[in-house]
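Trainee: One letter stands for each residue in the lines below.
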Amino acid sequence: MSSVFRIILQRIALGVLTLFIVSIVIFTAVNMLPGDFAQAILGQAATPEAIAAIRQDLGLDQPPVSRYITWLAGAVQGDLGSSFAQANFASFVGESTGGGEVTVATQIAPRFANTMFLAGVTACIAVPFSIFLGVLAALYRNSAFDKAANVFTLSSISSPEFFLAYVLILFLAVLNPVLPSLSNIYEGMGFGERLQKTLLPALTLTLVVTAHMMRMTRAAIINLLASPYIEMARLKGISPLRVIVRHALPNALAPIINVVALNLAYLITGVVVVEVVFVYPGIGQLFVDGVKNRDIPLVQACCLIFAAAYILLNLTADIMSLLSNPRLRHPK
Amino acid sequence: MSVIPWILLVVLALGFAGWVFRLAGQRVTHNKPDFRDMPFGVAFGYALAAGALLGGIWLWFQPGAAFFRWAIQGVVALAIVAWLFRLLGRAVGTFGTRKLFREMPLTASFGILVILIYAVLAIFAGAIAPHGQEEVFARVNILPGGNPETGGDPAFPLGTDQIGRDLLSRLIYGAQNTVGIAFVTTCLAFLLGGTLGFLAATLQGWLDQVLSRAVDVLMAIPSLIFALLLMTIASAWAGSEKWLLTVYMIVIIAVIDSTRVFRLARAVGLNIVVMDYIEAAKLRGEGLGYLIFKEILPNAYAPLLAEFGLRFCFVFLTIASLSFLGVGIQPPLADWGTMVRDLSQFINFAAFSPLTAALPLLAAGAIALLTVAVNFVVDWMLHRTSGLKD
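As you go down the protein sequences, you meet chains A and B in turn. Its first residue numbered 230, the first sequence is counted upward by one per residue in my numbering. Its first residue numbered 5, the second sequence is counted upward by one per residue in my numbering.
These are computed hints drawn from the structure, not numbers from a lab. Hints are not guaranteed to be accurate.
Stated by the list, open to error - No farther apart than 30 Å at their CA atoms in a straight line, the calculated lysine-lysine pairs in the DSS-like style are these:
#1 B:Lys-298 - B:Lys-286
#2 B:Lys-298 - A:Lys-521
#3 B:Lys-298 - A:Lys-376
#4 B:Lys-298 - B:Lys-103
#5 B:Lys-246 - A:Lys-376
#6 B:Lys-286 - A:Lys-465
What the hints assert, rightly or not - Beyond 12 Å from chain B on every Cβ pair, some chain A residues (computed):
#7 Arg-284
#8 Ser-384
#9 Ser-410
#10 Pro-479
#11 Gly-519
#12 Arg-523
#13 Gln-529
#14 Pro-555
Note that the structure is predicted; figures quoted are calculated from it, not measured. All residues carry an ideal CB built from backbone N, CA and C; glycine is no exception.
If we strip away everything but chain B, and leave its shape as in the complex, we get:
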């Protein structure tokens, strides 16, 4: 463990550099307030940023740092595209959407762009993917890159897997299966949790008590653990019918996640049912359905939408984790979690063939990118709604 002295040395050097920087600034600018009142922490921060920048540039020119270069190129490219997308949004559209894009931080436009790309991929997977997801070809284990001299094949840009399926097509179909199933599950969880939560808030009494206590108990079990337990039982029920297991998984995760939705819907609903307009609607003799869908739901829209984004992320990650552990989405459906598990061994070839080692990270990164994007958008939405209240 000779790493620790090095880290200490670097921190000390950075601290010294920051101190010198501040002193030099004070001398050169004749004690301008910017430098005179600068705390040491800020000076250290500048030194740290400069050090990180220099280190990054040094790393960029290292021969073995292919992954670093790809990551930086990817982030920069996405940032530029997101910036252009925001410009486009500011130029075209109605007055309202242009105003929305003008006030949008770059992270949020990045998020919206990524979500749009995923949606297009998921909906048109069949048209975009060069091959079918279950199509098996004669050549197995073709290396990625498409260069015949290094074991690739131009027809399969990302190569084929152990039994000869095209990885690029499976990656694209993964958007359809993984994202699609997560979306359906989240909708189901909201239908269940939202309806029951609003019912509990409106009717109160014993129904509220029973539902709330039941939710308390279900929430006392960690959700991934409970999902795994129920999946054990579901796999016994499903037997050899693999597609049935996927259906069971959707129902199980929807029920587990609906408890969280229930909590929120009930809390939001309780705040709304004490309003005067609800009282007025009740006195008019409106029915329960009208109260929930026409009075409560429109007013609970904003928090529920933000929760939908976050819940989607949780559901998506749970499904990906279950698939990664081998009990989630079942083959032959292409799915990112399963792909990561199947391809994970390739990571050991990073020194010889960086492209091959990138394959499992590509599938895992596809999951991460979407959840990051959704989180950026939700963060911005929450910031906006809370900002309007102030």
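Next comes chain A alone, as it looks inside the complex:
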């Protein structure tokens, strides 16, 4: 057990290191911006004193390394800075001080929960569905069903998310109004209503992700079907379904878990476009708005969160596939 434990600890340490380096990359990228934020906020007509005041308030007069350390220390404690676009800079240009500043954390927190809800619903539909279909495709390989599934999955992998989204909107919201095409989710909404409003974006993401997972499940199982122990099981006379479910599937688990986790990581990217299409109040939409408004602290924070989730899921995939290997779990 100890050797597995050590490997897992190594992986986690590596993940933390990667995240640290990624945060440096993000910070450096943002600091390549020309001019500075203070100038951009106040425009050309600003007085030098006003610019200096904002620079001091935002800590822009510090050298980059100390700014990075401040930012990282804040981020670790959940303080991601205050949003530029929402900031109240009236006090710097001589107006009275009024209104609190909007921090990035307060903006992100509710939306982060919404995005997790969307990803969760998608995963609950997509994972069982795609493994079921993958097993079926492996069972009836080279049949008409398999070929149709191949064409269908290949098409849905290669379509842009917004195409699938609009096709679903057209058929399920406009022509047959079963589901709402806008996901206006607010706090204090009942679970059922919330689920109904999330269903259409979740279905879009499911279409994208299922195709990939199903193809990999099928490939992983078919890879194993040539091995001698499967031949043996077949010669024993058990049914093809049993051969696959009881004999092939457990050994194909490692690649399948890997692909499930990778696709959940892929969801993070897919979520951005889908949230914009359905006006879903998630973190992806916040990110795109931040990009358009050049709200640097917000973009920085969202980028860090996306990267962290991505690294975390990849790490989970690594560890899970390690754990699913009995040779590693029970070393001689």
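Put chain B on the given structure of chain A with help from the hints.
Mentor: Structure of chain B alone, referenced to chain A:
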């Protein structure tokens, strides 16, 4: 949510139909092995296929199912043309190409045909399109269809947009801009990633270490997110120069995607540099350029070509997504992602005017069709090369 009981009912009915079908088959054919040994799953599959066929036929004759009819007509028409194209390929050409077309599945010939059509549209857009992409006409929001009684105009078969530009021309120019820019970006990514990957594989040592670790870090950030972050910075750099932003986007996506190319080129290159002929070339005293371009590159051709197809799809989809989000290809250049976003509201008119609602889907479908086509061809190429190895 009264849909779920209906779905359950349909599944049960199909299962029962499959069971009856098998039983009837056994009775009628006196237990022929086909029916005797048929698992229930297969019988259910037949029932499902029959049910889907019947449902499709029923839907075809529904008055409100215009989109369904168009989709089926489009797919059938493309399939027939692809079949004819394959026949043509089998009849004319050299021995090699005829053999290639004989062994080709329909999906692959469909893919090749679509890619050819897009290439022609992209290259000759200026000659094919009836109007210029930035040309603004006096009448705005002309409805598609070309029928004056329903608000159309024969001069503008797909109508005009909010500021009076011809949509058909913009769709055709979109092939030039979107596909052209994606192609240039992919070439750039391959030039960068391929060269560095082969260099890392050949020289190894510290260069390999530095490049590989750098690529590891860049790949730890989701690519669309990283692209969006860098586009924020690029938009500040570009200022009001819109064309400069497009150039920055090409460079940014090329660099991000070159990391994936680097991985593959390095892995393929590492397998090749241990070969004896490389050793021989080194002993002959050949230079680095000769080793990479004359020895490694010809042998890494097949996997790199397949990767080029897939990478093109990814780049194309990334650019389309960025444009859709409003930070990609900038107006006045016509581009499909931006068109989808601008026209997306029309989808709500589907019940009154299906043609109008089809406009955003047309632009989005143009993106989907090309990526599907490229994927079909790459799938076939991979299948062929792996089949030859067996």
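Trainee: Now look at each hint and say whether the structure bears it out.
Mentor: So, going through the hints one by one against the coordinates:
1. A hinted pair counts as satisfied when its Cα atoms are at most 30 Å apart, and Lys-298 (chain B) with Lys-286 (chain B) qualifies at roughly 12 Å.
2. Under the criterion of a C-alpha separation no larger than 30 Å, the hint pairing Lys-298 (chain B) with Lys-521 (chain A) is inconsistent with the structure, at around 47 Å.
3. Note on Lys-298 (chain B) and Lys-376 (chain A): the hinted pairing is violated, with a Cα-Cα distance of about 40 Å set against a maximum of 30 Å.
4. In summary, the hint linking Lys-298 (chain B) to Lys-103 (chain B) is supported, as the alpha carbons are separated by about 29 Å, within the 30 Å threshold.
5. Restraint check for Lys-246 (chain B) and Lys-376 (chain A): the C-alpha separation of about 45 Å exceeds 30 Å, so the hint is violated.
6. Distance check on the hinted pair: Lys-286 (chain B) and Lys-465 (chain A) sit about 56 Å apart at the alpha-carbon level, beyond 30 Å; violated.
7. The claim that Arg-284 (chain A) lies off the interface holds: its Cβ sits roughly 17 Å from the closest Cβ of chain B, which is beyond the 12 Å cut-off.
8. For Ser-384 (chain A), the non-interface assignment is contradicted: its Cβ lies about 5 Å from the closest Cβ of chain B, within the 12 Å cut-off.
9. In this structure Ser-410 (chain A) is not separated from chain B by more than 12 Å, as the shortest Cβ-Cβ distance comes to only about 8 Å.
10. No beta-carbon of chain B comes within 12 Å of the beta-carbon of Pro-479 (chain A); the shortest separation is about 21 Å.
11. With a least beta-carbon separation of about 8 Å from chain B, Gly-519 (chain A) fails to lie farther than 12 Å from that chain, contradicting its non-interface assignment.
12. With a minimum CB-CB distance of about 6 Å to chain B, Arg-523 (chain A) fails to clear the 12 Å threshold, and the non-interface call is violated.
13. The claim that Gln-529 (chain A) is not at the interface with chain B is violated, since a C-beta of that chain comes within 12 Å of its own (minimum 8 Å).
14. Distance check for Pro-555 (chain A) against chain B: the nearest CB is about 29 Å away, which clears 12 Å, and the non-interface claim stands.
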